[in-house]
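Asker: Chain residues, written in single-letter form:
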Amino acid sequence: MTDIKNIERYLYDEADLLDNPDLDSWIKLYSEDGTYWMPVTEDQKDPLNHVSILYDDRVMMEVRRRNFVHPRAASKDHKVRSSHIISNVRIIGNNDKGDLVVTSNFQALVFYRNEQRAFGGKYEHHLISEGDSYKIRHKKVTLINCDAPQKTLTVYL
Amino acid sequence: MPYSNEDIGKLVESTKIHRDVYTKEEIFELEMERIWSKAWIFIGHDSQVPNRGDYYATNITHKIPVVMTRDQKGEVNVLHNRCAHKGAKLVDTRCGNARAFTCCYHGWCFNTDGTLLKIPNEKGYDNTGFDIKDPKNNIQKVAQSENYRGFVFATLDPDAPDLKTWMGGALDVFDNLCDRAPEGEVEAAGGVLRYEHDCNWKLFLENLNDTMHPMVTHQSVVQAAKDYISTLPAEAASQRAEAEIIPPFGASFEVFENTEITGFKYGHHYDGGKSSIHADYSVLPAYNDAMVAAYGEERTREIFSFNTHNTLYYPSVTIKSAVQNIRVVRPLAVNKCIVETWSFRLKGAPDEILQRTLLYSRLINSSASMVGPDDLEAYMRIQSGLESNGDDWVDMARQFGRDKDQGDRTVGGGTSDLDVRTQYTAWRNYMTDAYGTVEER
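Each protein sequence line maps, in turn, to chains H and X. In the working numbering, each residue carries its 1-based index in the first sequence increased by 452. In the working numbering, each residue carries its 1-based index in the second sequence increased by 2.
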């Protein structure tokens, strides 16, 4: 029986790495074939045959990490601060890869370009059990306003 | 103080633009009346309304909502999204399917071609002169709409030239986009991205073929991608479409200079032709085979070798024929617009081709990409800088005097400001009502 407290702690730790921010450590939470997906519609089935706001594998995470700190990325001149809250954590069960599927609700305040913005929606994590902890094979972030016009987003949520 | 035509004419000189053009609300409102209500505006692709009763709602200007419908006869219409009774917006969802449009207020009910079908309790109009068959009781069609190879445009100007005349030589790029499909047709596929831009709509357009910015604005992502992808095993790196898409954004001034810029009447222009930053994309063998089977070897080479970067149909839509995506601008205010990115499937091509298009849209044009946000950052800084009266003028002088007049088009160096000068010639002509009175480009 999976202890939901462990799962919750893991999700909080992940959010903490985003809020710190510590992208180096955050990327290491992901398995080698790990992916991060922010679809643009509520019921989007697929990240490849439909456009998405964001869909990165480990390679693109590494590119993004380098871009975040590049001195000539003008949109990154503005420091970003975020604050995540995660709740309603539920264990859905194991998918066909044997990964543990966990859903949760999240809200994140993001301060960027002198403006505070609120993001919210649903997380879906696919977790690979690894000793006492987990690796993330897949994280899906469905914003409640995913299909609305979006402003620039320079961070993972 | 309202702007006279003489005042407006003074805002654009041959090599510079007055900052009021980007910051004054009065100018924005005049643009909506004189440019956006006169030019052909892109509405949507007819594949967005494939079935009878399908509709797609959008806007021509910030104040003029329209709806594209496929009526019961199968025809595509562009209607004002406004009830003929008391003016309520009829459709307030983005898209869907309807047997008829019923107004939410008094239940007036219209066919999807706009004709009035029925009204409740009609006897109340007895002896008032009301006639249900009177066309003035229909949802009004926009002044003109036309469909070019599936791309639906509309204009509010009954006197506007027909769409093909208006597009002129820039039409070649729409043809190239469709010809890249083995079946000669494209369809909208894989959804839309909408990106809110806190800047004047023209700043987005001026950037499209601004080839002096990529190596500066996008150097961070180019370097990040090159640095990391170079650490991957060669085989893994070669399989990544990102490795073809991102690095050309860092191409040298010389590479861009050689692409050339071509400008047309009414503000249209493209960068490239013989070559572009999309020219070195690999061609999937199965796709090449399908093209050769459809067109023959020679015609296929011809289609692939016409390679443009961005092609702007001023003012509302820019297309990338080699990538098969388009961006549509919807102005909301003097300092705000929405940029939509739509991707297209080449009919008869393998699925991987659409996947690359969608990858491009996400990787370059998404609000969370590593390219678009750096462009927008520059536009927002211009928007805020131009509020200052520190200097009144914005420059567009690069290679001025070297543009070559070739009859229906003007050709200049790939790093020239010919693209901006082309837009502002059109801007001034529209804004001073010069089109229709003089033949001026």
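In case anyone wonders, no lab produced these hints; they're calculated from the structure. Quick caveat, the model's predicted, so the values are computed rather than measured. Even for Gly, the Cβ is constructed at its ideal location relative to N, Cα and C. Watch out, some of these pointers could steer you wrong.
[To be verified] Lysine-lysine pairs mimicking DSS-like chemistry, simulated, CA-CA at most 27 Å apart:
| id | chain 1 | residue 1 | chain 2 | residue 2 |
| --- | --- | --- | --- | --- |
| 1 | X | Lys276 | X | Lys91 |
| 2 | X | Lys276 | X | Lys166 |
| 3 | X | Lys88 | H | Lys480 |
| 4 | H | Lys497 | X | Lys349 |
| 5 | H | Lys603 | X | Lys166 |
| 6 | H | Lys531 | X | Lys338 |
[To be verified] Distance ranges between label pairs, derived from CB positions:
| id | chain 1 | residue 1 | chain 2 | residue 2 | range |
| --- | --- | --- | --- | --- | --- |
| 7 | X | Asn99 | H | Glu494 | 33 to 39 Å |
| 8 | H | Thr493 | X | Ala90 | 48 to 54 Å |
| 9 | H | Arg542 | X | Ser240 | 38 to 44 Å |
Asker: Give me the numbers of the hints this structure contradicts, sorted from smallest to largest.
Answerer: 1, 3, 5, 7 and 8
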